[in-house]
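*Asks:* With the hints as constraints, model all of the structure from the sequences given.
2 protein chains.
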Amino acid sequence: MTRFTVWAPKAERVDLVLGEERTALRPALRGGWWTVEVPAAGDGTDYAFSLDGGPPRPDPRSRRQPDGVHGPSRVVDLELFPWTCPQWSGRELPGSVIYELHIGTFTTEGTFDAAIGRLDHLADLGVDFVEVMPVAAYSGRHGWGYDGVGLWAVHEPYGGPDGFRRFIDACHTRGIGVLLDVVYNHLGPSGNYLAEFGPYFTDKHHTPWGAAVNLDDADSDEVRAFLVDNALYWLGEYRLDGLRLDAAHAFVDTRAVHILEELAVAVDELAEGTGRQITLIAESDLNDPRVVTSRADRGHGIHAQWNDDFHHALHSLLTGERQGYYTDFGSIAAFAKTLTNAYFHDGTWSTFRGRTHGRPVDQAIPGYRFVGFLQDHDQIGNRALGDRISATLSPGLLRVGAALLLTAPFTPMLFMGEEWGAATPWQYFTDHPEPELGRAVSEGRRREFGRHGWAAQAIPDPQEPKTMERSRLDWTELDPQHQATGPHRSLLEWYRALIALRRARPELADPGLADVSVDYDEVARWLVVRRGSLRVVVNLADHPQRVPLDRAAGPILIASDDRIDLNDPGAPVMPAESVAVIESA
Amino acid sequence: MTRFTVWAPKAERVDLVLGEERTALRPALRGGWWTVEVPAAGDGTDYAFSLDGGPPRPDPRSRRQPDGVHGPSRVVDLELFPWTCPQWSGRELPGSVIYELHIGTFTTEGTFDAAIGRLDHLADLGVDFVEVMPVAAYSGRHGWGYDGVGLWAVHEPYGGPDGFRRFIDACHTRGIGVLLDVVYNHLGPSGNYLAEFGPYFTDKHHTPWGAAVNLDDADSDEVRAFLVDNALYWLGEYRLDGLRLDAAHAFVDTRAVHILEELAVAVDELAEGTGRQITLIAESDLNDPRVVTSRADRGHGIHAQWNDDFHHALHSLLTGERQGYYTDFGSIAAFAKTLTNAYFHDGTWSTFRGRTHGRPVDQAIPGYRFVGFLQDHDQIGNRALGDRISATLSPGLLRVGAALLLTAPFTPMLFMGEEWGAATPWQYFTDHPEPELGRAVSEGRRREFGRHGWAAQAIPDPQEPKTMERSRLDWTELDPQHQATGPHRSLLEWYRALIALRRARPELADPGLADVSVDYDEVARWLVVRRGSLRVVVNLADHPQRVPLDRAAGPILIASDDRIDLNDPGAPVMPAESVAVIESA
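Sequences listed follow chains A and B, in order. Per the numbering used here, the first sequence runs over residues 6 to 590. Per the numbering used here, the second sequence runs over residues 6 to 590.
Among the hints, a few may not be true.
Pairs count within a copy or across copies, as identical chains cannot be separated in the list.
Said to hold, decoys possible - Using 25 Å as the maximum straight-line C-alpha spacing, the simulated SDA-like pairs for lysine to any residue come out as follows:
| no. | residue 1 | residue 2 |
| --- | --- | --- |
| 1 | K342 | L291 |
| 2 | K342 | T259 |
| 3 | K209 | D234 |
| 4 | K15 | D224 |
| 5 | K15 | G280 |
| 6 | K15 | R66 |
| 7 | K209 | W354 |
| 8 | K15 | T361 |
| 9 | K342 | Y331 |
| 10 | K342 | R530 |
| 11 | K15 | V523 |
Because the hints were derived from the structure by calculation, they are not lab data. It should be emphasised that the depicted structure is a prediction, and the values quoted were computed from it without experimental measurement.
*Replies:* Here it is, written out as structure tokens:
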């Protein structure tokens, strides 16, 4: 027996479509909802809904779309899955390292099952959480996942609901937690039938992606419930350890209780009720500490947020890039401010925005509430060629970047392949079956970069299958017989050693922003990050130089270069583009 | 010598237009600003700006528009005004009574000078602040003032800058503070040249009035400075005691520092720097306590906000009206909740909005931060016929309404003429010189009320001069020789006595929300508001009834009816539709 329910407040008639058969749903007690029980239906039954005699439409809360986002929904009895890991909850964010990956390109096969085959690599690396880019069902075979429309289903080409659960179970078995990237601020352009069911969107506000999700207009209680229920569904039925809320800054919500707070309250209640550790991470570029401020202090109480400023400060420090949103960054001073204040823009002028931006972070907010990264899917993929930082940066500076990331007071996050400097790019790719939509995306991409001086033919075509294929990780780069294995394996060792050191020496992960300080010389281009009694000593210059320390240097714990001269322990001579973590006394 | 300055960041050339003469401004140090000094110009000089050789336009910060909003601006040397009142600052909001008035209809003449002639009436009444509806220059001769476009000028037909200052000076002389209603969320449809000067508006957001004021898009720092400077200008140069921020809920501002906070910080700094008392009041229907929460508690720190819920609860309690936004109100329970919690909708279902609304007010927030009213310009004027509550309510219930208002923990506000139950209506009137705009307003008004079943010809035409004239107060209603003076003078005495009692017995004005409690019987229709040892005893029923008290009734301090039977001091018999404030022991 299956009970089918759906919210369709404007419909005068709702039918359940089972093959050729249509069965009327009856209005439920809860306003706008419809329901019917079908004794013969159960796990595996395909169905759809018809509104006022219209064509069959997938269930807005469909758990499975076996034939894609336009086809019928399938009943999935979530109780039937044979979970194996007995101890599957408990990973806390403080002190952890996150690894962002995209199922479709993490492996050659692009499936959950293939990804399971690489989990030992992640466990060896020392990863605590994987953050899986969106898996909600979207139109086409491949894409980044931010065009999802079946928010309760799992993209079939990845392996569907069972594949995802096998993957989560396998992660848990290895002690790795799983965070899922969920997109609540907009829906994809194809297969979005929600608006036919009810006022999921509102013209009252608009967003870069069209009409805004209806969070504060009439009937928005059910829309908010749709999102909150969705979060609880993933966390509950899929045993996820947390969610990453995509573009949380794009929620337009004038209510006195913001949707971020509502989500955080619901998730915290689930965690408390079950004794689980659950983490909510928001992507937000508002530089508004309210997002991660506790509710006791009148914040939204989201557990962490992405810290783009840290990325920009670190990226431009290493690369010297100053175009676009890197304009205000690039100096050691900017990096030092970000390291000690979380936001660089905390009420300062943002040239990119043409206005003042942000407000200061209360130093009582722990640094782990800010996710720091040297690379992520956006920062690579939104470049014209999708080139990783390793494609152009010297091996020395690459190690400096990794060291500054993994000794920061923030929660460090790696992007898949970063740990070995993967030679494959990560490009923007789509697979819109609608020719017009596909053309619009391809042309939009060319136009966007054309504005910045790129020739059209230089820009990879998102719709071209090769663009996706190029973006797949090539794990043979780690094979001993690979022509260029050496640099890859050596960088992998560096990441592994840094993560191990971060774990062994808790002062490196200490999230107290007030306790971090940075000595530096902008002109000579060196810096020293003080972390307890440890010193992260960096020479950014292209020549060796003496780097003065506030205390005598003790033993070197880890170094990117073995030519460090410690003869004067108060001012070791660091080789060009090198970093070392040194004990001081 | 006058220095002319203007912000025109996109212009390549800016000219000062003095008669036939054009003088180029030079770029100033501050980005986007232009400046020029003209030795021969001074108080009284007419001028305009021309952008890139275009037509003359009024100064966005024009202090005077002698020939209307489309004409030249006039230099006003604000130092020259002969202020007379030496002690002009010091009125505090706590414990005060506000009186809202509209200069154009407060007197027959519709001028500041004529209004001065009525100030003794207000002083006698016991008013602490007048709140002047917007006086910023707008197109046409008369209107409510919410179509202002010359935000730094004073509407000429009211008496211009000098008239307004004479009025303020005269208020101060009588110990009355002056609050000004300022409109920062939109500009009027005619005479708005701001967009030619710079990006004052943004397409990123829209509002009911079109493109939103640019508070968070590129170049918005200067737009915010325009508003903040405007607030400081009125408060400083006009010696105003505070501002009322119109439709503050309509600000669309995603910045980490909200414009309300920025305004409040600037105003508080002015107050601290000068030792003055300055009050900022926001109109906000968000039911979000953040607005009036102190900045120490991470609120915006606005000093008070209008409390529409209190109006709705009181209005529908007295009238029984339940249409539109009164739907959820009307019960004594709803009134009691509002009286003790400030918001009725504090996370509860709002039928009118079709969604949950608001969040609870921390009981530590004093009640005076909520402005309560039985009537205001909107609540009267937005009715189809602009009829005051006194047009239909019984004299007894009218007195009940006034008593419940003036014994509430909120800051009470009266609307001009309310104190004597003025027989004149207050209708929506405009005077758009552009025929098309005028027609659109007239038709829009008819259409709006047509939807609610009103015949078109029943709706007063806003553009018709008689509509404005009908809305003027008729002070002869208070003349002894007037045919119906009795009821008016008697109601006036009631208001005066209530205000005097509120002042004499501070427990009536006590803003502690936690200390207010209400006993009531929804079916029998009586209620008792407990205020310290005082009891506000109300019989809403149309027949006498016994009203039980928690403590024995002592002497009656004030009563709307002299037939109250105190034989049983634990349960006095109250006449139909009556109220008394009683001492208890």
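*Asks:* Please go over all the hints and tell whether each is borne out by the structure.
*Replies:* Structure-based check of each hint:
With identical chains, the CA atoms of K342 and L291 are at most 25 Å apart within one copy only, with a shortest distance of 17 Å there and 36 Å across copies. With identical chains, the CA atoms of K342 and T259 are at most 25 Å apart between copies only, with a shortest distance of 24 Å across copies and 32 Å within one. For a Cα distance limit of 25 Å, the shortest separation of K209 from D234 inside one copy, 24 Å, qualifies, whereas the shortest one across copies, 30 Å, does not. Taking the shortest alpha-carbon separations for K15 and D224, only the intra-copy value of 11 Å comes in at or below 25 Å, while the best inter-copy value is 42 Å.
Neither within a single protomer nor between protomers do K15 and G280 lie at most 25 Å apart by alpha-carbon distance, with minima of 40 Å and 58 Å respectively. Taking the closest pair of Cα atoms, K15 and R66 come within 25 Å of each other only inside a single copy of the chain (18 Å); across copies the shortest separation is 49 Å, beyond that limit. In this assembly of identical chains, the alpha carbons of K209 and W354 lie at most 25 Å apart only when taken from different copies (20 Å versus 30 Å within one copy). Within a single copy, K15 and T361 get their C-alpha atoms only as close as 44 Å, which misses the 25 Å cut-off; across copies the closest is 19 Å, which meets it.
In this assembly of identical chains, the alpha carbons of K342 and Y331 lie at most 25 Å apart only when taken from the same copy (15 Å versus 52 Å across copies). Only within a single protomer do K342 and R530 lie at most 25 Å apart by alpha-carbon distance; the minimum there is 16 Å, versus 64 Å between protomers. Taking identical chains as interchangeable, the C-alpha atoms of K15 and V523 are never at most 25 Å apart, the minima being 60 Å within one chain and 41 Å between chains.
Going down the numbered hints, you'll see the structure goes against 5, 11, while the others check out.
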